[in-house]
Amino acid sequence: MEAISQLIVPNPYLAILLFVAVSVGLAAALQAVPFLTHPMRRSKEKISAYESGFEAFDTARRTFDVRFYLVAILFIIFDLEVAFLFPWAMVLQDISWFGFGSMMLFLTVLTIGFVYEWRQGALEWE
Amino acid sequence: MELLTHYATTLVTFDNLLMLATTLGIILLIAVPVLLGMAYTTWFERKILGWMHLRHGPMHTGPFGLLQPIADAVKLMFKEPFIPGASNKVMFLIAPMLAFIPVLVVWAVIPFGENPFTGSLMVLANINLGVMFILAVTSIEVYGILLAGWASNSKYPFLGAVRSGAQMVSYEVSMGLIVLAVILLAGSMNLADIVNAQKTVWFFIPAFPAFIMFLVSILAECNRHPFDLPEAEAELVAGYNTEYSAMSFALFFLGEYVAMITMSAFTAILFLGGWLPPFDVAPLNWIPGTIWLLLKIIAILFFMVWARGTLPRYRYDQLMRLGWKIFLPLSFAWLIITAIAVKLLGNLAA
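Sequences listed follow chains A and B, in order. For what it's worth, numbering that gives the first Met the number 0 labels the leading residue of the first sequence as 0, then goes sequentially. For what it's worth, numbering that gives the first Met the number 0 labels the leading residue of the second sequence as 0, then goes sequentially.
Chain B extracted, bound-state conformation (with noise of 0.2 Å):
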């Protein structure tokens, strides 16, 4: 009990408390804004969409439609929640929960480029294995789509949710094997290195073919378009989110589109440079990092939109033979050509 009061009287200083209320500050700094980010990938994805397919999309709530998401929004809060009777309740409820907060949690290590008035670097938590965290932390997301079709304890939700589970981390080996060539060029596992590695050239130049490799396994890893086999809506209705509704549905959607920002931004810090401009010449570098790296997200974020737009969707013996049978293959071969490459002329680290 002494000790207990000792630290209690320790710990709980006002210097200790100011510094957990600072960092709950810059952590609501973080989230709010990727939150917002996500409402605004819908409005973002409908609309271009809509323009593909010769329509206006989303136009009359608010001026160009900019309302929506948060119409939406609200909708979705007052709408009746319902639980199966047949369904596995606790399980039922977390599932949606744990597919959304991983991909939030990435958010705590992607660094947003050098501070403009004192160049330090912008980040929450610059850790040494960012790649490692990112990777096994939205690797997490499959178990709350597992559960969530388990737990719903009907047909639909289950068949959605094997084959995302399957397909997930089908694509997971070969989306790890991209990142371990990533980390051989730059010679380290935090991301910040990482960026500052490719101020000679971006990482796209000299892997390009890990480069597309991981475009395509970042869609199939969203369950993006054209594999978004776990909701095939003609077979499956909506795949393993099914029986949800309310806010359990909404909590799937914002994990999906929020894992869409998350991806593009890891994508952007491995391949595009994540915060530095093109090139470094006087009108380019005036542009603060984070505006280049917004950019730089957006335009692969319009990546994912486009390429619904156009590409068909796949069958899911084709997916499974894409995954293992050529992009496995091809991530390993391209990792040996890389590791060759690094040993004999040396890693690009800044």
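The shape of chain A in the complex, shown without the other chains (with noise of 0.2 Å):
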């Protein structure tokens, strides 16, 4: 058995790199299957948009909430702030209470902000 693991490519990441070709090779198998097995047969029904079997009223490119596109850019901040705190999490123990109270000067200021969009009503979805 510890022969197999040797056996192994020795960068994990060429490893990864070769799971992902698999799964990409996987999807695109499993998706090319109906396409073998069944013929398509098109008729103006049936590749028409689907509304409840009604003719489309309008196209579906149409504006839509701009409350999507503000989650979307709180949640830019937000993540791009946590992929900041996972360096400083690697090596709390290490960093002085100076380094410590850096950061919690950050999330202060960071805080205010979220406290600002709240009282703004951006979070707001009645």
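These are calculated hints, taken from the structure and not from any lab test. Where a beta carbon is used, it is the ideal one built from N, C-alpha and C, also for glycine. What you were told as hints is all true, and nothing was included just to trick you.
Dumping the calculated DSS-like pairs for lysine-lysine here, alpha-carbon to alpha-carbon at most 27 Å:
#: 1; chain 1: B; residue 1: Lys198; chain 2: B; residue 2: Lys342
#: 2; chain 1: A; residue 1: Lys43; chain 2: B; residue 2: Lys74
#: 3; chain 1: B; residue 1: Lys78; chain 2: A; residue 2: Lys45
#: 4; chain 1: A; residue 1: Lys43; chain 2: B; residue 2: Lys78
#: 5; chain 1: A; residue 1: Lys45; chain 2: B; residue 2: Lys88
#: 6; chain 1: B; residue 1: Lys74; chain 2: A; residue 2: Lys45
Simulated coverage check for chain B against chain A, where a stretch passes if three residues somewhere in it have a Cβ under 8 Å from a Cβ of chain A:
#: 7; segment: 69-82
#: 8; segment: 309-320
Here are the computed distance ranges between Cβ atoms for each label pair:
#: 9; chain 1: A; residue 1: Thr62; chain 2: B; residue 2: Asp14; range: 55 to 63 Å
#: 10; chain 1: B; residue 1: Ala20; chain 2: A; residue 2: Ala28; range: 17 to 25 Å
#: 11; chain 1: B; residue 1: Leu65; chain 2: A; residue 2: Tyr68; range: 41 to 49 Å
#: 12; chain 1: A; residue 1: Glu44; chain 2: B; residue 2: Asp14; range: 52 to 60 Å
#: 13; chain 1: A; residue 1: Leu69; chain 2: B; residue 2: Gly49; range: 38 to 46 Å
#: 14; chain 1: A; residue 1: Glu44; chain 2: B; residue 2: Ala332; range: 52 to 60 Å
#: 15; chain 1: B; residue 1: Val280; chain 2: A; residue 2: Glu116; range: 48 to 56 Å
#: 16; chain 1: B; residue 1: Phe207; chain 2: A; residue 2: Leu69; range: 30 to 38 Å
#: 17; chain 1: B; residue 1: Arg320; chain 2: A; residue 2: Tyr68; range: 14 to 22 Å
#: 18; chain 1: B; residue 1: Phe207; chain 2: A; residue 2: Glu44; range: 48 to 56 Å
#: 19; chain 1: B; residue 1: Val280; chain 2: A; residue 2: Ala82; range: 35 to 43 Å
#: 20; chain 1: A; residue 1: Thr36; chain 2: B; residue 2: Leu10; range: 32 to 40 Å
#: 21; chain 1: A; residue 1: Met103; chain 2: B; residue 2: Pro32; range: 42 to 50 Å
#: 22; chain 1: A; residue 1: Arg118; chain 2: B; residue 2: Ala281; range: 53 to 61 Å
Assembly of the complex is requested from the two constituent chains, each provided in isolation within its own frame, with the hints serving as guidance.
Structure below.
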């Protein structure tokens, strides 16, 4: 059993790359199967957009609620902050209370921003 | 050209090819059980839901309906695929693959426990950034869903996709913060180190609030009940996969269920001690670690099905309020509390 683990490619990221390749191949193969087993019989009704049996009223490429966009922007801010916290979390034992305090200062600023958003109603979905 | 032949002759050796072949073999050894597990998760869910509704669930195909997932797969393979006329064809076909590939790739870094014979760690890629890798790769899934909704060029998929996208990114933030708190406790981002740090006590005890928030977040992250708003069939037909048929549809389904198993494994590793037995005493530690991991994954999957059988669906505004106004501040506060505790008392690293 030990012998097998030594036979894996030495670089773990190469192994991950191979795993990605296998997954892509698998997904593509699965995607291709019905195209091979079943003929495509097209008709106008079949390939029209689904709208509960009606003819499509208008295009689906239309405006949507701006709040979805706002959520995306908020996500970018907070996810960046999470990414920023990862290295800090790794070295927390090695840095002094000064390092700890600096991050707390940053988080305080972020919290003020969050409170501002909240008060402005950016998180409201009535 | 000479350089190329030089590389070709030095790299393509018997040893290297053997190495490649074994690696591919091990990849299949991981991927095939995961896919089979996914198929039987659907069976498990239907059976449990059936019993919760005082029905039988699938029971005609094979004993206890055990062949039902196979029958479903075969049916989906022989369905007619069609591509809506108004859609963006290439993106329409890429989207289901994009929803499926990332959740499977995560299994490259999941450790399955220690080898019972040699004591070495069973994992394909033992990388230091395991947690980061999982967070990064699972968030690619949202592209598949958004792409599906947009490429379909139809109203229901589009609305389902924007909802789903917003929902998944909302809960990703609090999930990231909770994971950070666990990293602080374990002092490492390597998944095996995190499990080994739980030898004295599983993290769900010192980090109980975080564990509860994480369980709810994975429900939202996998678009599961009670947060399955993208597929709220009463208002959105089937959400982002309305226009899909045959195997393209099945790929979304595969993606969703593999994501459930993946997230359950991630939770088991972060909070429930991964492959460690509950107590390191005689009859319990005879059982191989992989079995323990499997049992924990099944327990969390059961929790997901149980939630589906019990709870009514959330409204979208309630979902967003829970994510942004409750989980985000709470997980934030929990992170700071953990950081102070770790700074004062030290972490639990093995």
